[in-house]
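Student: Chains as they are written, first to last, in UniProt numbering: chain A, 1 to 467; chain B, 1 to 467.
Since the hints were made in silico from the structure, they are not lab data.
Among these hints, one or two may not hold up.
The list treats identical chains as one, so a pair stands whether inside a single copy or across any two.
[Unchecked claim] Derived EDC-like pairs (lysine to aspartate or glutamate); straight-line CA-CA distance at most 20 Å:
| hint | residue 1 | residue 2 |
| --- | --- | --- |
| 1 | K221 | E120 |
| 2 | K224 | D246 |
| 3 | K221 | D67 |
| 4 | K159 | D117 |
| 5 | K224 | D67 |
| 6 | K221 | E307 |
Note that the structure is predicted; figures quoted are calculated from it, not measured.
There are 2 protein chains.
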Amino acid sequence: MINTLYLPELREMLVDNDQEGLRDFCAVLHPARVAEFMEGLSAEETWGVINAADPDKRAEIFGYLADEKQVRIVETTGRAEATQLVVDLPADDRADLLSDVDEQVVEEILPLMPQEDRRELLRIWEYPEGSAGALMTTEVARLSESLTVREAMETICRKATSHETVYYNYIVDSEDHLRGLISARQLITHFLEPDKPITDLMQRDVVSVLATDDQELVAEKVAKYDFIAIPVVDHQHRLLGIITHDDIIDVMREEATEDAHLSVGVGPLDQGYLETHWYALAWKRGVWLTVLFFGALLTIFALHSYETSLNAAPWLVLFLPLVISSGGNTGNQSATLVITAMTNGELKVTDWLRVMRRELVMGLCLGGLLAMFGYLCALIVSHFSGLVDPIDGGIVLPTALEATVVPITLLCVALCGALCGGLLPLLFKGMGLDPALMSNPFVAGIVDIAGIVIYMTVALSMLQVAG
Amino acid sequence: MINTLYLPELREMLVDNDQEGLRDFCAVLHPARVAEFMEGLSAEETWGVINAADPDKRAEIFGYLADEKQVRIVETTGRAEATQLVVDLPADDRADLLSDVDEQVVEEILPLMPQEDRRELLRIWEYPEGSAGALMTTEVARLSESLTVREAMETICRKATSHETVYYNYIVDSEDHLRGLISARQLITHFLEPDKPITDLMQRDVVSVLATDDQELVAEKVAKYDFIAIPVVDHQHRLLGIITHDDIIDVMREEATEDAHLSVGVGPLDQGYLETHWYALAWKRGVWLTVLFFGALLTIFALHSYETSLNAAPWLVLFLPLVISSGGNTGNQSATLVITAMTNGELKVTDWLRVMRRELVMGLCLGGLLAMFGYLCALIVSHFSGLVDPIDGGIVLPTALEATVVPITLLCVALCGALCGGLLPLLFKGMGLDPALMSNPFVAGIVDIAGIVIYMTVALSMLQVAG
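The following block holds chain A by itself, in its conformation from the complex (with noise of 0.2 Å):
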């Protein structure tokens, strides 16, 4: 829902060239909420807007934009302002942003740039994408071990508009090695002690990542540890940046859509439902609908190949999609209950013992339940098979005895369903891939051909016996 409040009087300021109104209207509120109520706004318009605020601001509400209004703006103003707009942006967010815009507009505006900031853009676009160091932000405060915490306190101020935060601040030795963190809480807690080294009261023990480690790892430190942000490193140790709390709450919103989307086969998408082309989207669907369907095609062969039991009482057809689904769906229970607990870090592969005992006990009892269900409905269902006469071509219902297929094959199926769905993404990340392939549509195809080979089995052995 667009917010329209604010539109009619930023269209009248910008009709009348109101540079004052516009900087006071972009100067009062939080950059966020300007930024909300010019999504009405076209590209052009909501530049009319910010290009009448201070520079600082500018930026801040810049950053709050939605992505393509972003890039629409870098591409059609002035090659010069575009630029400044850009450097006034955080490392991290102006390597996102720039890898978006078009290529010729790029080009154009690297060499306005200041070359130590093309200097940091090019070496964070040297990181894949979803890495540490793709993701991290070079403005970190630096201090070097002699100082005080007077001294620390008036080099953060100085620098504190530049960097991305000021409450972390990382010291270093003369060769950019990481030697330990001081908070702005202890700074302050301190502030009464002027004097005092920030050697004393740094700690020395620093959790940090590497810049080529996984995001979803640094989203899982900065979790454990309750920080506001985290140190990135290279192998020899020196500080290259830090990852903000702000990105880390991103990459967690962005790492669980795409595991939701993982779980029901669709592969990861760069941008938004509605933003993503509608042939990008078609391709990663269509991947994974065509494995899936060359998976269920041998359910063709299992039931071709059990034609004796269905000739012999096609009333097992009539159960056939309840038998199937009830699997698949204790089946994609157990597979999702495993892989969330596998990804908030509470279950290793090495569990999977306790998880063979509580699918089992699961299995047992939820089949069960179906069990008692299915043989009610199979039994309503006998109940009629008097009153139909075979003669006129019609299904030969079951009796009372043969519909006993149905409760014992729930049971079985929702054993099977159990055990394949918590085992199957264990497997799976032991050798080492990711358990959410093994999630619900494969667990649902494995389960669908078990459960056509169970009910035929079943039915074969009841029938003999019934017969």
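Dock chain B against chain A, hints included.
Tutor: Frame of chain A; chain B shown alone:
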């Protein structure tokens, strides 16, 4: 995996009663690491170690222990020591912990707590689980409107150790109404202008949440505005407490897990997968499995009412699981894409027309793809139709013309799956229900039934043409 690196040394120090060694161990490492290294110790041993630490450190380390170990320590140590430990915890963690501890123990501890802490505890307990009030800590830095930068820094510096965060400081009037926010960053930036009144610097447009707001809304706001903390107010806009970034990360993880579970029909669990008692788990899974089972019963009636088609062409059964699973898979993809887009705030109910257009295109593309593969398979199967003698009781295979039933059905089923999957979550959201309720198993259930109806209807009309 338990880290056993320090276990022998720790146990030796405990036996030797080496208080100094234990204190050093607790002091040198990050509290989260100390807790990690003690994972292999019993609750009694853990208490032995942290009891040697300084009270502040002890509370910090205690906060990183596993929940069950925390509960066990409080229940088994002396009441006076347990009370001291509990009092040293942040107010929100204290409330969480004591709601898990044995009631008898809590009743003995409560009278030993300072009156103020006890009142605070009872106040937090008044808010329902999952609300902002239950999540907040009341230990927030309050500043009065009359202070200067220097006075504010001195105030914060005196109270720094007792507050959850010193990075956001809230300015309140004499009746505790929230007036503004000043960050430690702003104070540090104006460190060289000590006599400036903080009202000149403070941000007046403070984004806050109500104590009764849902925790999902809190997480959304913090993620959107990139906050380190968000203030919690009552209906009169009086400051009650704050919620900090680390709690938000926990909430996001919790909500992502809950959504994943709901998407396969597992009710929200209070504990982890391995900790939940088996009958609680069986209940949370069984309820939904039963609902899905009774939904799936409709497939029996659907199949039964199309017995004419089934009798005329028994080979239709061979393709039944394939047709059903293709529709279900397409539907699940659409449902999950739409639900995650809504969770991430990219998609609103009012976008239904865009979703419908998009899923129409997806359904046609993906359905076309599956139809192509399906027709190939059906042709291969029909190739053998001449080779099988129908007299011997085997299933009569389809002719090439009859086989067109399969691709036509696949196209229709994929289209139906995409549209149901895309629109049903929006419909549920529009009706004020949780869209995740209308996710995978339900969409699959509906598409199962629709798939059977489509398959049989197409078969009936095609076979009349072919016959």
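Student: Against each hint, give a clear statement of whether it holds in the structure.
Tutor: Each hint tested on the structure:
1. In this homomeric assembly, K221 and E120 never come within 20 Å of each other (Cα to Cα): the closest approach is 25 Å inside a single copy and 31 Å across copies.
2. Both within a single protomer and between protomers do K224 and D246 lie at most 20 Å apart by alpha-carbon distance, with minima of 16 Å and 9 Å respectively.
3. In this assembly of identical chains, the alpha carbons of K221 and D67 lie at most 20 Å apart only when taken from different copies (19 Å versus 28 Å within one copy).
4. Taking identical chains as interchangeable, the C-alpha atoms of K159 and D117 lie at most 20 Å apart only when both belong to the same chain, with a minimum of 17 Å there against 40 Å between chains.
5. In this assembly of identical chains, K224 and D67 lie within 20 Å of each other by CA distance solely across copies; the values are 14 Å between and 30 Å within a copy.
6. When the C-alpha separation of K221 and E307 is checked against a cutoff of 20 Å, the pair qualifies neither within a copy, at 56 Å, nor between copies, at 59 Å.
The structure shown violates the earlier hints numbered 1 and 6.
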